[in-house]
Structures are given as structure tokens and as C-alpha cells.
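Engineer: This is what each chain is made of:
There are 2 protein chains.
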Amino acid sequence: MIVLYDNLSSGNAYKVRLMLHKRGLPYTRIEMDIDAGATRRPDFLALNPDGRVPLLVLDDGTKLPESNAILAYLAKGTDLLPENAADFAQVLRWLFWEQYSHEPNIATLRYWITHKVEMTAYRKLAIEDKRARGVAALGVMETHLTANDFFAAGRFTIADIALYAYTHVAEEGGGFDLAPYPAIRAWLARVAVQPRHIPITA
Amino acid sequence: MIVLYDNLSSGNAYKVRLMLHKRGLPYTRIEMDIDAGATRRPDFLALNPDGRVPLLVLDDGTKLPESNAILAYLAKGTDLLPENAADFAQVLRWLFWEQYSHEPNIATLRYWITHKVEMTAYRKLAIEDKRARGVAALGVMETHLTANDFFAAGRFTIADIALYAYTHVAEEGGGFDLAPYPAIRAWLARVAVQPRHIPITA
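Going down the list, the sequences are from chains P and D. Numbering-wise (the numbering used here), the first sequence opens with residue 1 and increments by one. Numbering-wise (the numbering used here), the second sequence opens with residue 203 and increments by one.
In case anyone wonders, no lab produced these hints; they're calculated from the structure. A couple of the hints might just be wrong.
Examples of chain D residues lying across from chain P (beta carbon under 7 Å, computed) [unchecked claim]:
id, residue
1, 266
2, 270
3, 271
4, 274
5, 278
6, 287
7, 295
8, 301
9, 302
10, 324
11, 327
12, 342
Ideal Cβ positions, reconstructed from N, Cα and C, are used throughout, including at glycine.
Let's have the full structure, built from the sequences with the hints guiding it.
Structural biologist: Written as C-alpha cells, this is what we have:
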């Protein structure tokens, strides 16, 4: 059976739980205590040298880290990852954008605040940088969603799953208010009523 | 004809030039003066709201940003992006890892230093953080390449193209010395002798 090294507070891990549920795939969940350093211990680093969850371990022992690569793997051959090159490219475009321009700002601030990490001099200055970049990312999303119901291919895909994960909890991240983004809020509601949706805490 | 909004100093843009050359696809190149703010002007933001190069504009007017999404688009259906799900997943895993754990550290430091950006209080502290994370990323690569000739699928793929782009110029980034990484250096040499290789300046 598939094994998911997981953490219930992680939006990246939630993407994978949500996707596994949509596919109806059974799996064993191993909750990792990130705050206690569980993902930085040698036994876990031997599985994922990057020291992060989520990590999927397949039946044949293959180890697959990186939440959006896991989404693409689990979606391949389904409607959630289009096969035609143009739509496939746009789905990937938003997956990479999420990991580069959205997650390092919105998710990292949420992590620092909700996990009460030490506020070093670097982090104190980084908060302002990340807040500005997070607001810019929400602006890019709002513009796109004003003209589109979903991020790519004219329908619900893993691009929406990836961007939903940390956007719907952005207000936990200190300073991200979704009130000025009506198109984002309408899209969040559309994602939440897709078949076989589950909340981040499930 | 395909249009590439490009910058010759950008490793992300180089990935696309290298891939277009490998495919033998003709294209029109538009050099963007990043230092002069060319990618932040309204006319370019209308093409890519993220304000970054590379941006590919296809014959039908489709706009595709995100270097690794462009690689996947151009590689789809070729040996450079495996079709079987397991190898496909590992290629994507390394593409996402490159953009999350490698590029923001090694490429950003190179950019700050070679483009002589203003050293704000935030950037001065961020340099130490990025240098440590860059060294950690090189360690992950060295471990992987000690046991593997290429990053995924047992052969040269777009995962190698993506990681080559900024690794082979890491020493321009202030403080990254590749001497302690013999497996990385051997892999760089293997990549550089693949068919239809071109240097970053071409």
C-alpha cells in the first residue's frame, strides 16, 4: 500500500491527501512531528534527502517527494492533468508558479507564525519581503480568476488543487486578508464543491 | 514563429534556449533589459503578469512563462520527458526541487552579485541564509549523482537541463565552490557533451 509521510498542518501535504482521496486510493499515513525535527533525522533523510514532507513511498519502494510532482504523478491519465500539450503546459506553469511565487511567501509566513519559529533578525526583515511578494501573488491570482473560472484548461485540474492548499488558509499567515479578492474567494468556493473534496484537517 | 522573451544572463532563460536548440526549433529572440526594468513595464506585464523572463509566445498567441513548464512543454513526446508515470514523476520531482531548493539560493545570489543589486539590510542577512541553503542543495545533488549518472530515468532528461543551468555557473554566485563536489563536476561534463549542447552565452 502507498505510504504518505505527512503533517496535518502542511498545505503541501494536504494537496496529496486531497488528491489521494479524489482518486479513491488507499494509503497508510505517517504523521511526522516537524517541530520536533522528525524530518531532519537520519532515518527520514535516508528516504528524502531534502528533509521535507510530503513524501510518497510507492508499493515498489519508489520514493517521490515534492508535492506538485506527486500531484502530477497521481493525476497522470486522469482529467486532472490534461494530455494535450497546450493545456498540460499551462497546468505545469501554475504548479511551478505556486512553488516559486506563492508558497515561499504565503505558506512560509503561515508556518513561521503558526509554528512559532524563532524570530531571528533575518526572519524579521524577511517577513516584510514575503508579505509584499505574497500580496503580489494574490494580485496575479485575482487578475487571472477575474477572467477564468479555473487556472488552466478551462476546468478543475491539479493547478487548482496546488493553489487552493495555501490560499484557503492564507489568513492564518499573518497579514493576508482575502476580503479584497472577490474572484479568489469565488474560486475557493468552486474548488470546495468539486467531487470528493476534503478539508485540510481531514 | 515562436517568440522567446529572453535575457542572456538568466539561467532560467538559458534552459529554454538550450531546449529550443536541441529540438531544432526556429524562434525569434527578444532580449529584455532586466536591470532597466523592461520586465516590469505594463506592456510586458500584459504578456506575463509575473514580470519575469523567460516567456514563450507560441504561434497561436499562447503565452507560456515558467522556465521548467516551458521545458516540459517542449520536451513532451520526446525522450527528454519520459512518458511512463514513474520516470515522468521523478523528472518533475527534480524540476520542482530545482525551483524551490536550488534556484532561489544559487541563482538569486548570482543575480544579486553579478547585477550589483542594492545590498539592503534584508539582503545582507539573506545572503547567509541563501548561501547555507545553496550548499545544502549542492550536497543533495552530490549524493544523488554519486549513485546516478543523471537525475531521473537513468538517462539525460529535462531534469538535467534545468539543474545544469545554474549549477554550471554557481561559482559566479559568490561563495559556491564546486571543487568539493566531484560527482557534480563529472555530471556537468556529461551534460555538456550531450547532442546539440550550446553554452549559456549563445
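Engineer: Using Cβ atoms only, decide whether residue 295 of chain D comes closer than 7 Å to chain P, and label the hint accordingly.
Structural biologist: The hint holds - residue 295 of chain D has a Cβ within 7 Å of chain P, the shortest such distance being about 4 Å.
Engineer: Have a go at the residue 274 of chain D hint: is there a Cβ in chain P nearer than 7 Å to its own Cβ?
Structural biologist: Nearest chain P Cβ about 5 Å off; hint holds.
Engineer: Double-check residue 342 of chain D for me: the hint is only fine if its C-beta lies closer than 7 Å to a C-beta in chain P.
Structural biologist: 5 Å, holds
Engineer: For the restraint on residue 302 of chain D, tell me whether the closest CB of chain P is nearer than 7 Å.
Structural biologist: Residue 302 of chain D check passes; min Cβ-Cβ to chain P is 5 Å, inside 7 Å.
Engineer: So, as I understand it, the hint says residue 287 of chain D touches chain P; can you test that by seeing if any CB pair is closer than 7 Å?
Structural biologist: Nearest chain P Cβ about 5 Å off; hint holds.
Engineer: Would the hint on residue 271 of chain D be counted as holding, given a Cβ-Cβ threshold of 7 Å to chain P?
Structural biologist: At about 4 Å, which falls below the 7 Å cut-off, the nearest Cβ of chain P leaves the hint on residue 271 of chain D intact, so it holds.
Engineer: Once the shortest beta carbon distance from residue 278 of chain D to chain P is found, is it less than 7 Å?
Structural biologist: Hint holds; residue 278 of chain D Cβ to chain P Cβ min 5 Å, cut 7 Å.
Engineer: Going by Cβ atoms only, is residue 270 of chain D closer than 7 Å to chain P?
Structural biologist: 5 Å, holds
Engineer: Does residue 327 of chain D meet its interface restraint, that is, does its C-beta lie within less than 7 Å of any C-beta in chain P?
Structural biologist: 4 Å, holds
Engineer: Taking the least C-beta to C-beta distance, is residue 266 of chain D closer than 7 Å to chain P?
Structural biologist: Cβ of residue 266 of chain D sits 5 Å from chain P, so the hint holds.
Engineer: Can residue 324 of chain D be said to touch chain P, with a Cβ gap under 7 Å?
Structural biologist: For residue 324 of chain D, the interface hint holds, since the closest Cβ of chain P sits about 4 Å away, which is under 7 Å.
Engineer: Does the CB of residue 301 of chain D sit less than 7 Å away from some CB of chain P?
Structural biologist: 5 Å, holds
This entry satisfies every hint, going by the numbered hints stated previously.
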